Amino acid sequence: MTFKDFYQFASPTRVVCGRELLASAGFEFAKQGAERVLVVTDQVIRATGLVEKVEGGVADGGLEVAGIFDDVPQDSDTAVVTRCAEQAKEAGADSFLAVGGGSVIDTTKGANVVFSHGGAIPDWEGVFQLPRKRDGMGRPLPLAPLGAIHTTDGTGSEASPVAVIKDSERGVKVLLLDFPLAPDLAILDPESTATLPAPIAAATGMDALTHAIEGVTSTEWSPHGDAHALHALRLISDNLERAVGDTSDEDARGNMLVAANLAIAPTGFGATGITHSMSHPCGARYGVPHGVANAINLPPVIEFNAVVSEEVADQFRDAAEVLGVDARGGGQRIGRTLADHVRELRGRLGLPGRLSEVGVPEEGISRLAEDAMGEGSTLVNPRQPSEEDFVELFQQAL
Amino acid sequence: MAYFNDAQEVYDTLGKLFVDLAEDEELAPKFRKADTIVRYEYREPESTITVRLQEGQPGDVDFGESEMEPEVVMSMEADTAHRFWLGQVNVTVALARGQIKAKGPVAKILRLVPLTKPVFPRYKAQLESQGRTDLIEA
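So the protein sequences, as listed, match chains V and E. If you count the first sequence from 1, position 107 lands on 106 in numbering that gives the first Met the number 0, and the numbers rise without skipping. If you count the second sequence from 1, position 96 lands on 95 in numbering that gives the first Met the number 0, and the numbers rise without skipping.
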């Protein structure tokens with residue numbers, strides 16, 4: 000195995016994992032310095048009664064609930080972030096607790112930046128743009144305490160230093176990446192996914208699978224990232240189908256929360272690949288849910304990447320072995336076997352197998368390929384694709 | 000010690016490369032697919048180059064003050080920029096280490112990175128023709 004010229008790794012989020020933790024949300028969040036908490040969620044989650052349990056847990060820990068912001072839509076945007084930050088100020092909050100999926104958590108991260116540093120989201124767009132000491136080169140200035148209770152099994156946003164927020168005015172997705180964006184606290188409790196519908200559990204689980212496989216095989220892979228991603232794959236292999244097949248299986252749901260949390264670790268430092276490059280424009284242009292798009296796009300990408308070198312083939316071999324897939328042979332065979340395994344898993348989970356089934360038209364492929372070339376993940380893919388390669392990959396996935 | 004003594008040296012070398020690329024019939028249309036205006040803010044020495052990369056627009060390149068309003072701002076030491084165009088800097092690593100800071104929709108610029116590879120020998124040849132082999136060997 001190569002000793003890398005450079006990589007960095009940090010896992011700044013304190014993870015608290017187990018059963019019946021929602022009742023002690025306040026007890027745990029107090030340790031991060033929270034006193035008056037704005038709970039951020041969406042109306043779907045609020046309707047499940049989960050937020051009331053969290054509220055009770057916050058109060059039980061001696062903290063005050065300064066307010067509840069439940070106005071986060073499925074695909075949140077900068078205007079929502081601004082409103083959330085304003086509500087936090089008006090309510091005299093000093094901290095944020097996100098209860099929801101990726102959109103809720105990313106909205107909360109953005110609101111925390113605006114609340115703590117002022118301005119608006121576009122002011123902070125980019126990589127390492129949060130204010131720092133030493134003329135921007137030193138230690139980042141702190142944000143308000145942020146806790147997160149994830150209610151799906153996929154994005155890993157509760158532990159990542161990244162937020163992606165739509166700017167409806169400009170018609171773009173705004174990326175913020177900086178260390179302080181990683182929440183201070185993540186509470187992983189299977190009660191938080193008790194009402195997650197099986198199709199969403201399937202799709203978000205495939206998102207976690209994609210994070211883990213791309214984390215191991217990206218040019219930005221690292222031994223630290225592998226340690227997280229490979230164990231995530233073990234957990235996904237043992238628990239994803241159980242969690243989807245029987246949504247009352249609390250062990251499986253809990254293990255999938257852990258898997259998603261582990262799988263995000265390498266991607267927070269850029270270890271992704273072109274499955275994401277393909278899936279982002281599918282979502283932006285045709286509204287394909289991210290986990291579904293990843294589940295469809297991952298197999299052809301595995302076959303495309305696995306043949307590029309012996310080293311990359313070995314990385315896929317590591318992933319395949321952990322998933323219990325026959326990993327003998329060269330890159331082409333490993334790629335095909337692993338891709339078939341993902342296709343079969345996707346089928347057993349009841350997810351769509353083709354982009355054409357989820358609204359992507361053939362005439363949209365050239366534009367999707369162009370978009371995919373412009374994705375940051377393309378730069379860190381183990382095999383550099385051309386636009387023509389993307390056209391071929393999209394055609395395979397169509 | 001920094002490669003460049005003053006801003007003028009940056010404009011004479013890196014700046015000239017940008018001007019030449021903006022006029023290149025083959026490469027310029029590809030770079031303009033980024034559809035943005037990018038400002039490179041260099042330190043040591045302080046210098047600024049603003050480039051218009053917009054389809055259907057002229058490939059303007061301004062040194063120092065510019066009336067062009069940038070959408071993306073890339074800041075780094077001038078040495079990092081010089082080493083990048085010599086093919087010696089991995090952009091993803093430089094971003095990860097904070098050696099390059101990117102403000103704005105950074106993906107618009109990252110999409111150009113694969114296009115820059117053929118420019119590396121061209122920059123080296125330019126420096127040789129300018130009698131600045133000291134910048135290559137340093």
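Keep in mind that the hints were calculated from the coordinates and are not lab data. For clarity, every value in this text was computed on a predicted model and none was experimentally measured. Hints are not guaranteed to be accurate.
[Claimed, not checked] Dumping the calculated DSSO-like pairs for lysine-lysine here, alpha-carbon to alpha-carbon at most 30 Å: (1) E:K29 - E:K107; (2) E:K116 - E:K15; (3) E:K15 - E:K123; (4) E:K29 - E:K123; (5) E:K15 - E:K29; (6) E:K100 - E:K116; (7) E:K123 - V:K172; (8) V:K30 - V:K52; (9) V:K172 - V:K132; (10) V:K30 - E:K107; (11) V:K88 - E:K123; (12) E:K15 - E:K32; (13) E:K123 - E:K100; (14) E:K107 - E:K123; (15) V:K3 - E:K116; (16) E:K15 - E:K107; (17) E:K32 - E:K123; (18) E:K107 - E:K32; (19) E:K15 - E:K100; (20) V:K132 - E:K32; (21) V:K88 - V:K30; (22) E:K29 - E:K116; (23) V:K132 - V:K88; (24) E:K32 - E:K116; (25) E:K123 - V:K132; (26) E:K100 - V:K172; (27) E:K15 - V:K3; (28) V:K172 - E:K15; (29) E:K29 - V:K172; (30) V:K52 - V:K88; (31) V:K3 - E:K32; (32) V:K172 - V:K30; (33) E:K100 - E:K29.
[To be verified] Stretch by stretch, here's where chain E covers chain V in the computed footprint (C-beta under 8 Å, at least three residues): (34) 137–144; (35) 165–174.
[To be verified] Which residues of chain E face chain V? A partial, calculated answer using Cβ under 7 Å: (36) L26; (37) P28; (38) A93; (39) G103.
Note that CB positions come from ideal geometry on N, CA and C, so glycine has one too.
Hint check results:
For the hint linking K29 (chain E) to K107 (chain E), the alpha-carbon distance of about 12 Å falls within 30 Å, and the restraint holds. Among the hinted pairs, K116 (chain E) with K15 (chain E) is consistent with the structure: their alpha-carbon atoms are about 17 Å apart, no more than 30 Å. For the hint pairing K15 (chain E) with K123 (chain E), the CA-to-CA distance comes to about 12 Å; that is within 30 Å, so the pair holds. For the hint linking K29 (chain E) to K123 (chain E), the alpha-carbon distance of about 21 Å falls within 30 Å, and the restraint holds.
Simply put, K15 (chain E) and K29 (chain E) have alpha-carbon atoms about 19 Å apart, close enough for the 30 Å limit, and the pair holds. At most 30 Å may separate the alpha-carbon atoms for a hinted pair to count; K100 (chain E) and K116 (chain E) meet this at roughly 21 Å. Distance restraint check for K123 (chain E) and K172 (chain V): the Cα-Cα separation of roughly 37 Å exceeds the 30 Å cut-off, and the hinted pair is therefore not satisfied. Between K30 (chain V) and K52 (chain V) the alpha-carbon distance is near 19 Å, which keeps this suggested pair within the 30 Å criterion.
Taken as a hint, the K172 (chain V) and K132 (chain V) pair is honoured in the structure, with Cα atoms around 28 Å apart against an allowance of 30 Å. Restraint check: the Cα-Cα separation between K30 (chain V) and K107 (chain E) comes to about 40 Å, which exceeds 30 Å; the hinted pair is violated. About 54 Å separates the Cα atoms of K88 (chain V) and K123 (chain E), which puts this hinted pair outside 30 Å; it is violated. Of the supplied pair hints, the one linking K15 (chain E) and K32 (chain E) holds, its CA atoms being roughly 21 Å apart against a limit of 30 Å.
Between K123 (chain E) and K100 (chain E), the direct Cα distance comes to roughly 25 Å. Compliance with the 30 Å bound is thereby established for this hinted pair. Taken as a hint, the K107 (chain E) and K123 (chain E) pair is honoured in the structure, with Cα atoms around 26 Å apart against an allowance of 30 Å. At roughly 22 Å between alpha-carbon atoms, K3 (chain V) and K116 (chain E) fall within 30 Å of each other, so this suggested pair holds. Pair hint K15 (chain E) plus K107 (chain E) holds up; C-alpha atoms about 22 Å apart against a cutoff of 30 Å.
For the hint pairing K32 (chain E) with K123 (chain E), the CA-to-CA distance comes to about 25 Å; that is within 30 Å, so the pair holds. For the hint pairing K107 (chain E) with K32 (chain E), the CA-to-CA distance comes to about 9 Å; that is within 30 Å, so the pair holds. For the hint pairing K15 (chain E) with K100 (chain E), the CA-to-CA distance comes to about 23 Å; that is within 30 Å, so the pair holds. Taking the CA atoms of K132 (chain V) and K32 (chain E), the gap is near 36 Å; set against the 30 Å cutoff, the hint is violated.
Of the supplied pair hints, the one linking K88 (chain V) and K30 (chain V) holds, its CA atoms being roughly 22 Å apart against a limit of 30 Å. As the CA atoms of K29 (chain E) and K116 (chain E) are separated by approximately 13 Å, the hinted pair is consistent with the 30 Å bound. Between K132 (chain V) and K88 (chain V) the alpha-carbon distance is near 25 Å, which keeps this suggested pair within the 30 Å criterion. Distance restraint check for K32 (chain E) and K116 (chain E): the Cα-Cα separation of roughly 17 Å lies within the 30 Å cut-off, and the hinted pair is therefore satisfied.
Proposed proximity of K123 (chain E) and K132 (chain V) is contradicted: the alpha carbons are some 37 Å apart, above 30 Å. Of the pairs offered as hints, the one joining K100 (chain E) and K172 (chain V) holds, with about 19 Å between alpha carbons and a cut-off of 30 Å not exceeded. Restraint check for K15 (chain E) and K3 (chain V): the C-alpha separation of about 35 Å exceeds 30 Å, so the hint is violated. Between K172 (chain V) and K15 (chain E) the CA atoms are separated by roughly 33 Å; this puts the pair beyond 30 Å, and the hint is violated.
At most 30 Å may separate the alpha-carbon atoms for a hinted pair to count; K29 (chain E) and K172 (chain V) meet this at roughly 23 Å. Restraint check for K52 (chain V) and K88 (chain V): satisfied, since their Cα atoms lie roughly 24 Å apart, inside the 30 Å limit. Using a Cα cut-off of 30 Å, the hinted pair K3 (chain V) and K32 (chain E) is violated, with the two alpha carbons roughly 33 Å apart. In summary, the hint linking K172 (chain V) to K30 (chain V) is not supported, as the alpha carbons are separated by about 33 Å, beyond the 30 Å threshold.
Between the alpha carbons of K100 (chain E) and K29 (chain E) the distance comes to roughly 23 Å, so the proposed pair stays at or under 30 Å and holds. Requiring three or more residues with a Cβ within less than 8 Å of a Cβ of chain E, the coverage given for the stretch 137–144 of chain V is violated, as only 0 such residues are present. For the stretch 165–174 of chain V, the assignment as covered by chain E holds, since 3 residues bring a beta-carbon within under 8 Å of that chain's beta-carbons and 3 suffice. At about 16 Å, the closest approach between the beta carbon of L26 (chain E) and any beta carbon in chain V exceeds 7 Å, and the interface hint on this residue is violated.
For the restraint placing P28 (chain E) at the interface with chain V, the shortest Cβ-Cβ distance is roughly 14 Å, beyond the 7 Å limit, so the hint is violated. About 10 Å separates the beta-carbon of A93 (chain E) from the nearest beta-carbon of chain V, more than 7 Å, and the hint is not met. Of the supplied interface hints, the one on G103 (chain E) holds, with its beta-carbon coming within about 6 Å of a beta-carbon of chain V, less than 7 Å.
Consistency note: the structure conflicts with the earlier hints numbered 7, 10, 11, 20, 25, 27, 28, 31, 32, 34, 36, 37, 38.
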